[in-house]
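Going line by line, the protein sequences match chains Y and Z. -13 is the number of the first residue of the first sequence in my numbering; add one for each residue after it. -13 is the number of the first residue of the second sequence in my numbering; add one for each residue after it.
Please note: incorrect hints may appear among the correct ones.
Ranges of calculated distance between the beta carbons of each label pair, as one might list FRET restraints [as the list claims (entries may be wrong)]:
hint: 1; chain 1: Z; residue 1: 492; chain 2: Y; residue 2: 109; range: 11 to 21 Å
hint: 2; chain 1: Y; residue 1: 480; chain 2: Z; residue 2: 106; range: 34 to 44 Å
hint: 3; chain 1: Z; residue 1: 492; chain 2: Y; residue 2: 410; range: 18 to 28 Å
hint: 4; chain 1: Z; residue 1: 404; chain 2: Y; residue 2: 475; range: 38 to 48 Å
hint: 5; chain 1: Z; residue 1: 86; chain 2: Y; residue 2: 269; range: 29 to 39 Å
hint: 6; chain 1: Y; residue 1: 544; chain 2: Z; residue 2: 483; range: 22 to 32 Å
hint: 7; chain 1: Y; residue 1: 464; chain 2: Z; residue 2: 152; range: 28 to 38 Å
hint: 8; chain 1: Z; residue 1: 152; chain 2: Y; residue 2: 129; range: 45 to 55 Å
With a straight-line Cα cutoff of 30 Å, these simulated DSS-like cross-link-like pairs (lysine-lysine) come out [stated by the list, open to error]:
hint: 9; chain 1: Z; residue 1: 112; chain 2: Y; residue 2: 112
hint: 10; chain 1: Y; residue 1: 112; chain 2: Y; residue 2: 158
hint: 11; chain 1: Y; residue 1: 513; chain 2: Z; residue 2: 531
hint: 12; chain 1: Z; residue 1: -2; chain 2: Y; residue 2: -2
hint: 13; chain 1: Y; residue 1: 38; chain 2: Y; residue 2: 20
hint: 14; chain 1: Z; residue 1: 112; chain 2: Z; residue 2: 38
hint: 15; chain 1: Y; residue 1: 38; chain 2: Z; residue 2: 38
hint: 16; chain 1: Y; residue 1: 20; chain 2: Z; residue 2: 415
hint: 17; chain 1: Y; residue 1: 158; chain 2: Y; residue 2: 191
hint: 18; chain 1: Y; residue 1: 415; chain 2: Z; residue 2: -2
hint: 19; chain 1: Y; residue 1: 398; chain 2: Z; residue 2: 20
hint: 20; chain 1: Z; residue 1: 311; chain 2: Y; residue 2: 20
hint: 21; chain 1: Y; residue 1: 311; chain 2: Y; residue 2: 358
hint: 22; chain 1: Z; residue 1: 20; chain 2: Y; residue 2: 415
hint: 23; chain 1: Y; residue 1: 191; chain 2: Y; residue 2: 398
hint: 24; chain 1: Z; residue 1: 369; chain 2: Z; residue 2: 191
hint: 25; chain 1: Z; residue 1: 369; chain 2: Z; residue 2: -2
hint: 26; chain 1: Y; residue 1: -2; chain 2: Z; residue 2: 112
hint: 27; chain 1: Y; residue 1: 112; chain 2: Z; residue 2: 20
Quick caveat, the hints were computed from the structure, so don't treat them as lab data. Note that the Cβ used here is the ideal one computed from N, Cα and C, for glycine as well.
Protein chains: 2
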Amino acid sequence: MRMSQLYAPTLKEDPADAEIASHRLLLRAGMIRKTASGVYTFLPLGYRVLSKIEGIVREEMDATGAQEIMMPALQPAELWHESGRWDDYGPELMRLVDRHDHGFCLGPTHEELITALVRNELRSYKQLPCSLYQIQVKFRDEIRPRFGLLRSREFIMKDAYSFHADQASLQKTYDDMSVAYGNICERCGLEYRPVEADSGQIGGKVTTEFMALAEAGEAELVYCTCGYAANTEAGACLARPTCYEVPALEKISTPGVHTIEELAQFLDIPESSTVKALSGRGDDGVLTVMFVPGDHELNEIKAGRAVPGFALLTDEEMEAAGLHKGSMGPVGLPEGTRVVADASLQAVPQWVVGANEDGFHYVGARLGEDFKVDTWDDLCIVKPGDSCPDCGLPLEGARGIEVSQVFQLGDKYSVAMGATFADENGEEKPFIMGCYGVGVSRTLAAVVEQHNDEHGIMWPLSVAPAHVCVIPLTVGDELVQPAAERVARELAALGLEVVIDDRDERAGVKFADADLIGWPLQIVVGKRGLAEGNVEVKLRRTGEKKSVPLATLAEMMTFARRNAKKSKAGVGTFDMLFA
Amino acid sequence: MRMSQLYAPTLKEDPADAEIASHRLLLRAGMIRKTASGVYTFLPLGYRVLSKIEGIVREEMDATGAQEIMMPALQPAELWHESGRWDDYGPELMRLVDRHDHGFCLGPTHEELITALVRNELRSYKQLPCSLYQIQVKFRDEIRPRFGLLRSREFIMKDAYSFHADQASLQKTYDDMSVAYGNICERCGLEYRPVEADSGQIGGKVTTEFMALAEAGEAELVYCTCGYAANTEAGACLARPTCYEVPALEKISTPGVHTIEELAQFLDIPESSTVKALSGRGDDGVLTVMFVPGDHELNEIKAGRAVPGFALLTDEEMEAAGLHKGSMGPVGLPEGTRVVADASLQAVPQWVVGANEDGFHYVGARLGEDFKVDTWDDLCIVKPGDSCPDCGLPLEGARGIEVSQVFQLGDKYSVAMGATFADENGEEKPFIMGCYGVGVSRTLAAVVEQHNDEHGIMWPLSVAPAHVCVIPLTVGDELVQPAAERVARELAALGLEVVIDDRDERAGVKFADADLIGWPLQIVVGKRGLAEGNVEVKLRRTGEKKSVPLATLAEMMTFARRNAKKSKAGVGTFDMLFA
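Excised from the complex, chain Y in its bound form (with noise of 0.2 Å):
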């Protein structure tokens, strides 16, 4: 490649709407342009580094069996309807009607499309399991696209299914996938967790986030240094809460106290030792107050399942209930109110809760005596400090950015949309399914999250656009120049992917432009050096610069180039010419 000819328009400044690393970089190095809110092209560079990625996916996807199909973006409205997501998906499915007013959707995932594919085909336990995965264009209307690749309309996913005959071929295939997913990322450079999350839309029970660890992610998460982590929204929470411990209940006057924090601050004490409440119905209609450690938040997702249907009340509603908003406790509640409680409170004999009346709350309200709780259950959200569920030490809180999923589908598309197979005895069953997502543009941004500074990207060799970038000073002069040359050619020849800045700029823009792209090497070739025999070679990652004799060039790069093969991720193993 040579820079005099790529299109790779680098910006000097910042734009103006990329919050985040990964956006800015992608934009600033000429690797892509956004062509409307939330559609991105990928230009010349970004696009190689779009395809190693791929290939990357490819080639794991590949090593479990899975087969490469493609399945069309266009989905017909009826599939969806079978399946019941047409109604479910809200407004985030881009819809459309072709000439003649039928319905399609613009596939956001595939389980229906391929369940409609292998119904009638898959017939026989015989032919099970089967995966097939497909990489592909993916539509999603997100309501407020930003961060780039990281939260845009349309992107690139590897997505696969697997049908199963029985949970036990599912759990291996799964599990199969879980390690091809890990290899992925190890091998895209990323620093990444498994962590126990929901399923959401998809369905099913079982699932696994792949998390890469970056501050602009939008997820939380926690984990343990005995290798449990979860999405906050899905982990089970062990909340610490504390005990504010008083010879006996005593109401007291909390002028101007409505929330929890004022109400720490009122009675001097830390938030933990306060009980939160938050009351709702759930779909039985019966009028139901949540506690939970008044350091924590309540889980809509975990709160609606210990009571199904589960719904805060509006102001007016909990006026109407005889409910105080600010002051809510469980001693003297409405008769008839449902008192649900996180397990954790259990531990704390005396509660300091509000007493259903404005103005005032309660300290040492005695669990059994004072009040009593109809439901304990898991109903917080995890956070930092809480105890871990495997082996209870304190966990630790990171951000992070979802590059793939892994889900137990189980029987929910086949048995909505009919597709069977005839076991051993001949008798109809529903496929045993599940579904693998990567975000293949997702991680690309990812990556640059976790690997870059102040002056630009630095690609893990796995995905670099290219390997090495050989700078000549003086473009023209007649010894620079072709000492330039010859270098790239000798590096090429050794299956390296170099580039050579023959634009006739000044030095000081190829540098910057080196660093801004992030090729990790970069060979300077000039006057002085030359006149010694040397060239200097530049770490992009750490910064070390070398002075490397030209005749031991080439030697000194396929050492690190076969270094390079041996480490999965390839991040940084040119170090080796440092060492």
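Please build the complex by placing chain Z on the supplied structure of chain Y, with the hints as guidance.
Frame of chain Y; chain Z shown alone:
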């Protein structure tokens, strides 16, 4: 690959709605499945072929210096308004609105997007020429999708766009692309012809279509041994009318004669000795009658060029204008009628034409004496037997599938969308553009149209889903099975793509599937042969079979393989084995 695990559900019966070979065989061989009308899924074998064609296209594009990018499928309506095509494109453009009510279309082509992409970023003549391409899914809402992948609504295309400072630079890239397109056809094993074509909705004047010759093709073309070829819709027409000479102008009664066919029969002369008349009006409203040789059809595109806006009259309009349908002629037309005639009729001194009176015709109507012609022009759809415009010999006719097309767009989009660059004098000028499309999924179908027989597909080696199928006659047999596995391993080690049919099926089923799917070579491993140390090698293309000693199999295959690499198309190069 193992047939026991491969998802390739073959069908014994021809699908009902599959009218042509490629549609029928791709379905039967388990390579594609219909998801909706004109919308298909590629199953594993179909996807392998598609990927190989994409690989060939990519190599040929890269060789021209074009750079691969990926633009989105979603295209904002505003860009299409800028070019004027939002209104011009018609119902084939699939349109939708997002949740914020912004208009989008699903790209059938990307001239607007790429022009918007480079404007403001390709700024200087120094950056030109620049060619960008993508391989991507495209959408076109065909009113009547049919013929499987040949006329579908979602399909795979490679589209490239080039930007130039001047026409000479465009011409060079156009020529390079034309060479690449020829290479692509050849390497896919297609018999093809580059033909003069019409640019249609894309715009521009100079354009060439690459036609894969096939009876199932939608296009008609003419060609000459001298190398000339054209789409009949676009080609220049040199008709060869004949003259029916009589001593003097004679009005004859022709009761019941309304068509050229009836007139020729009535007079017992060839249709080429009659003259056909068609009436219409141009944008200027002037009544116009066009005359073409009786054995030719008027080309409405040409008619519109001769008389801008020319549109045929309805029966009512003809009557109102004082014309006589079925007996129009140049003698005695209403005052002020514009007479336009095909240039070939200049060589016919006496015409057989209508008398502008129901039930009467003239013979011997003398050009220049009995009537005059205002304008001579090329008006006809060319057909076989017409003269070649390059050498004058009679043209041959054929049908073809348009697999790709190259266009010189000129400045149509750059002017409409304000895409300019600064030339050597710092002056802003619009880009001169070219665009170049390959129907990738269409090419796949075209290959099947050219390479099939009554048993199934006969893939050229270069795009076959695998090179060799090893068929053990008795699965589980303690001699046959391991011998087959060993053969498969040995051939794979040579770099061949090998599939083994390890299904527990009758030999007849395996042979039929192997012929249907179309592996170029089959190696049959059976007990009887093994007893003598032999396997049977069958060439799919010819059906030839040969008993080959196991000991020399690898050597023979290496020889054939080496030879296959030398041949661009790789069609039938396993023939070596049978030399």
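Structure-based check of all given hints:
Hint check: residue 492 of chain Z to residue 109 of chain Y, Cβ distance near 18 Å, so the stated range 11 to 21 Å holds. Take residue 480 of chain Y and residue 106 of chain Z: their Cβ atoms lie about 39 Å apart, and the range 34 to 44 Å holds. With their beta carbons about 22 Å apart, residue 492 of chain Z and residue 410 of chain Y fall inside the hinted range of 18 to 28 Å. Taking the beta carbon of each, residue 404 of chain Z and residue 475 of chain Y are about 41 Å apart, inside 38 to 48 Å as hinted.
A beta carbon spacing of about 33 Å between residue 86 of chain Z and residue 269 of chain Y agrees with the range 29 to 39 Å that was offered as a hint. Distance hint check for residue 544 of chain Y and residue 483 of chain Z: the Cβ-Cβ separation is about 30 Å, which falls inside the suggested range of 22 to 32 Å. Taking 28 to 38 Å as the suggested C-beta distance range, the pair residue 464 of chain Y and residue 152 of chain Z conforms, at roughly 31 Å. Between residue 152 of chain Z and residue 129 of chain Y the Cβ separation comes to about 47 Å, which falls inside the hinted range of 45 to 55 Å.
Distance restraint check for residue 112 of chain Z and residue 112 of chain Y: the Cα-Cα separation of roughly 63 Å exceeds the 30 Å cut-off, and the hinted pair is therefore not satisfied. Taken as a hint, the residue 112 of chain Y and residue 158 of chain Y pair is honoured in the structure, with Cα atoms around 17 Å apart against an allowance of 30 Å. Between residue 513 of chain Y and residue 531 of chain Z, the direct Cα distance comes to roughly 67 Å. Violation of the 30 Å bound is thereby established for this hinted pair. Pair hint residue -2 of chain Z plus residue -2 of chain Y does not hold up; C-alpha atoms about 63 Å apart against a cutoff of 30 Å.
Between residue 38 of chain Y and residue 20 of chain Y the CA atoms are separated by roughly 21 Å; this keeps the pair inside 30 Å, and the hint holds. The straight-line distance between the Cα atoms of residue 112 of chain Z and residue 38 of chain Z is roughly 35 Å, outside the 30 Å bound, and the hint therefore fails. Distance restraint check for residue 38 of chain Y and residue 38 of chain Z: the Cα-Cα separation of roughly 18 Å lies within the 30 Å cut-off, and the hinted pair is therefore satisfied. For a cut-off of 30 Å, the pair hint linking residue 20 of chain Y to residue 415 of chain Z stands: about 25 Å separates their Cα positions.
Straight-line distance between C-alpha atoms of residue 158 of chain Y and residue 191 of chain Y comes to about 16 Å, which keeps the hinted pair within the 30 Å bound. Annotation: proposed proximity of residue 415 of chain Y to residue -2 of chain Z holds, straight-line Cα distance about 25 Å (limit 30 Å). As the CA atoms of residue 398 of chain Y and residue 20 of chain Z are separated by approximately 24 Å, the hinted pair is consistent with the 30 Å bound. With a C-alpha separation of about 58 Å, the suggested pairing of residue 311 of chain Z with residue 20 of chain Y is violated against the 30 Å cut-off.
Between residue 311 of chain Y and residue 358 of chain Y the alpha-carbon distance is near 20 Å, which keeps this suggested pair within the 30 Å criterion. Restraint check for residue 20 of chain Z and residue 415 of chain Y: the C-alpha separation of about 25 Å stays at or below 30 Å, so the hint holds. Taking the CA atoms of residue 191 of chain Y and residue 398 of chain Y, the gap is near 10 Å; set against the 30 Å cutoff, the hint holds. About 22 Å separates the Cα atoms of residue 369 of chain Z and residue 191 of chain Z, which keeps this hinted pair within 30 Å; it holds.
Annotation: proposed proximity of residue 369 of chain Z to residue -2 of chain Z is violated, straight-line Cα distance about 40 Å (limit 30 Å). Taking the CA atoms of residue -2 of chain Y and residue 112 of chain Z, the gap is near 20 Å; set against the 30 Å cutoff, the hint holds. For the suggested pair residue 112 of chain Y and residue 20 of chain Z, the alpha carbons sit about 25 Å apart, so the restraint of at most 30 Å is met.
Hint check: violations occur at hints 9, 11, 12, 14, 20 and 25; the rest are consistent with the structure.
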